[in-house]
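Now for the letters of each chain:
There are 2 protein chains.
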Amino acid sequence: MINQKYKDRLSNKSVIRELAGYARKRGKDIGYENVFDYSLGNPSVDTPTDYNSAVIDMYKTMDSMSLHGYSPSLGNTHAREVIAASLKKRFGIDYETKHIFPTTGAAGAIAHAVRAVTKPGDTVLGFAPFFPEYRPYINDSGAKLEVVPPDLPDFQINFKELEKMMNGNVTAVLINSPNNPSGAVYSQATLERLAAFLNTCQKKYGHDIFIISDEPYREIVFDGKKCPYPSHYYDNTLSCYSFSKSLSLPGERIGYIAVNPRATDADILVDIFAQISRGIGHNCPSSTAQLGVTAVIDETSDLSVYETNMNLLYDALTEIGFEVKRPQGTFYIFPKALEDDAVAFCKKALKYDLIMVPADSFGAPGYVRLAYCIDTEKVRRSIPALKKFAHEVYGK
Amino acid sequence: MINQKYKDRLSNKSVIRELAGYARKRGKDIGYENVFDYSLGNPSVDTPTDYNSAVIDMYKTMDSMSLHGYSPSLGNTHAREVIAASLKKRFGIDYETKHIFPTTGAAGAIAHAVRAVTKPGDTVLGFAPFFPEYRPYINDSGAKLEVVPPDLPDFQINFKELEKMMNGNVTAVLINSPNNPSGAVYSQATLERLAAFLNTCQKKYGHDIFIISDEPYREIVFDGKKCPYPSHYYDNTLSCYSFSKSLSLPGERIGYIAVNPRATDADILVDIFAQISRGIGHNCPSSTAQLGVTAVIDETSDLSVYETNMNLLYDALTEIGFEVKRPQGTFYIFPKALEDDAVAFCKKALKYDLIMVPADSFGAPGYVRLAYCIDTEKVRRSIPALKKFAHEVYGK
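Protein chains in written order, with UniProt numbering: chain A, 1 to 396; chain B, 1 to 396.
These are computed hints drawn from the structure, not numbers from a lab. It cannot be assumed that every hint is accurate.
Which copy? The list can't say, so a pair holds if one copy fits it or any two copies do.
As the list claims (entries may be wrong) - Below 27 Å or equal to it, Euclidean Cα-Cα: the simulated DSSO-like pairs (lysine-lysine) are:
id, residue 1, residue 2
1, Lys144, Lys119
2, Lys164, Lys144
3, Lys203, Lys164
4, Lys7, Lys203
5, Lys204, Lys5
6, Lys98, Lys5
7, Lys203, Lys5
8, Lys7, Lys204
Please work from the sequences and hints to get the whole structure.
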């Protein structure tokens with residue numbers, strides 16, 4: 001019998017995907033270059049040529065079994081060594097091979113992390129605004145996601161609400177900095193305060209509370225700054241990384257979990273992830289992708305376009321009169337809509353071929369997300385449309 | 001808090017992996033060429049050069065987004081079209097793109113299939129002997145695997161026991177032909193009888209009962225024969241395929257589910273699989289692998305070595321006096337041990353540098369599995385060791 005839980009979900013489709021579908025359809029009518037499609041977080045810059053060259057070289061020179069054979073259930077050992085060494089060098093944390101578990105992107109990482117450190121019925125606290133896919137990631141594990149309301153207007157952590165919502169049933173908190181959709185980066189002060197609070201709670205409730213840290217945008221930070229690394233501030237941290245954005249290869253499904261060496265059971269957590277894999281059909285990312293990223297471990301795509309686009313959009317939105325926080329990273333910007341109903345706002349924008357995503361499902365009703373991982377030239381061309389829309393519909 | 005369920009599993013490690021570990025270690029001492037390692041089902045023949053050439057070509061010519069960008073959540077459309085067309089042509093079943101869901105190998109396929117057609121608490125019936133990983137595949141979904149005892153000595157289906165174990169709580173049966181570990185291929189008569197029985201049960205209990213058909217060895221069949229295709233005989237069939245064995249690329253994690261177009265809800269099952277992906281962190285196999293297999297969709301590696309090896313081993317084992325059914329496919333042979341305790345038998349064999357796997361965890365105590373996906377030359381050299389072992393320890 002078809003499982004009713006999943007069948008029910010079919011009638012509840014992702015707003016983002018529906019808008020992206022509309023954009024593609026409209027593109028067929030008027031040319032996709034004329035659709036200002038800010039709906040999807042699909043990286044727009046090329047994968048580094050070094051990555052492609054490394055894979056071509058592997059395919060030309062490696063023997064079949066070494067390249068295409070089964071990975072060990074903990075992941076390719078060489079890939080784990082290279083990732084551990086890179087993180088150790090970069091963040092000064094004593095990662096060893098045993099702390100690294102390759103995953104199918106950040107989605108796979110979170111799927112493993114949440115199952116490892118919670119049990120069905122536990123509560124995981126997340127923070128608005130948040131990536132809506134966190135709901136199935138967490139809820140399908142048997143734990144339950146509860147969302148702390150946003151800290152307005154800065155999109156750091158709303159500690160007042162966090163303190164209210166914390167209780168003995170919480171065994172993990174899920175953070176995401178740089179943040180999708182707000183573009184905010186958690187400050188050192190925010191992470192220190194979160195760590196202090198969680199340490200107090202661990203003592204009070206007598207059990208571990210893990211931070212599951214979703215970090216796919218770690219490399220996309222503006223103004224020459226660096227993103228404070230959550231694992232520096234709190235021992236029980238599982239860093240969930242994806243190369244999707246930094247190397248522009250989301251289709252390859254490659255990322256990892258890095259277990260803080262000072263976390264509880266740090267030496268066996270990766271073994272536990274491998275046990276979890278057996279039940280969810282994961283069994284490692286592709287061997288090509290595991291080996292490919294090791295060849296370019298400290299490289300990124302040319303990510304500078306995202307900062308260029310951000311500045312253009314931020315200046316335009318501010319000039320028009322939007323209430324908007326300047327993003328510190330990612331390729332998202334998160335203005336307040338020009339009316340209370342962000343869904344209505346986004347629908348009206350479609351007439352101007354502007355595709356924006358209402359943030360109701362992100363836990364921040366009234367806001368909209370623009371994903372500016374598109375050509376700068378298109379961003380420039382979208383600005384007159386934005387101005388026209390705001391002027392004609394809202395008198396701005 | 002670390003999830004105790006997975007922590008407990010760490011003390012219950014796979015016998016196969018332990019033996020493979022022993023073989024590697026022994027190989028360091030005496031040279032791996034002198035260890036007759038029949039433990040692991042890792043394909044020994046090369047991936048077709050056409051696959052590697054196709055990938056190299058893709059990496060040289062495709063634009064970054066088309067090659068490395070996100071796949072749609074239902075999988076790469078071109079890959080789904082090519083797979084559907086190939087299956088339609090080969091099996092004469094009206095598969096369309098909407099019936100194909102690319103997965104991370106057969107493990108990913110089964111993970112999705114079982115969640116789609118069962119709900120937690122349901123029973124899935126499997127048939128001994130069976131691949132031990134079926135336990136976590138099924139049990140971690142919330143359904144429960146119950147195992148029908150083997151049909152001796154032919155390893156078809158024990159219908160007497162199946163009829164006893166069937167009840168209204170059963171919503172799926174999991175079959176695997178050609179079979180790991182027995183090498184048996186379900187005959188047309190077996191599949192017809194199974195279909196008739198399940199059709200009767202569907203009427204009796206008033207709900208669907210799906211066949212989840214695990215088919216990674218479909219292409220490895222001996223004596224010029226073909227493997228009867230389960231979906232021909234029963235409408236509610238989900239064919240779970242992997243290219244791991246046919247193209248020798250288990251590390252790339254690429255396979256698919258093919259939904260029988262006549263199955264209940266055939267038009268929405270793939271949409272349901274995509275919903276399941278959201279919760280288990282799957283989000284498609286790698287884009288490279290999806291595109292790579294489409295380039296060689298009707299090819300296989302040179303699989304003839306497995307038949308050569310099978311004949312050598314079958315003749316030797318028979319000559320020595322083992323009770324053994326001649327395999328009809330796969331790269332496994334499944335003799336009865338020369339004493340009741342197959343674990344003791346396999347331990348004694350280690351002294352002769354023969355690594356075989358006791359089949360207790362496969363649901364067939366007293367039997368052993370030899371995975372002969374190794375060089376033919378090594379198979380030849382192992383025969384004197386087999387003879388010496390059987391003679392010195394068991395007087396054969």
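Results of checking the hints against the structure:
{"no.": "1", "hint": "Lys144 to Lys119", "in the structure": "both (10 Å within a copy, 19 Å between copies)"}
{"no.": "2", "hint": "Lys164 to Lys144", "in the structure": "within (17 Å within a copy, 39 Å between copies)"}
{"no.": "3", "hint": "Lys203 to Lys164", "in the structure": "within (17 Å within a copy, 53 Å between copies)"}
{"no.": "4", "hint": "Lys7 to Lys203", "in the structure": "between (42 Å within a copy, 23 Å between copies)"}
{"no.": "5", "hint": "Lys204 to Lys5", "in the structure": "between (36 Å within a copy, 25 Å between copies)"}
{"no.": "6", "hint": "Lys98 to Lys5", "in the structure": "between (37 Å within a copy, 21 Å between copies)"}
{"no.": "7", "hint": "Lys203 to Lys5", "in the structure": "between (37 Å within a copy, 24 Å between copies)"}
{"no.": "8", "hint": "Lys7 to Lys204", "in the structure": "between (41 Å within a copy, 24 Å between copies)"}
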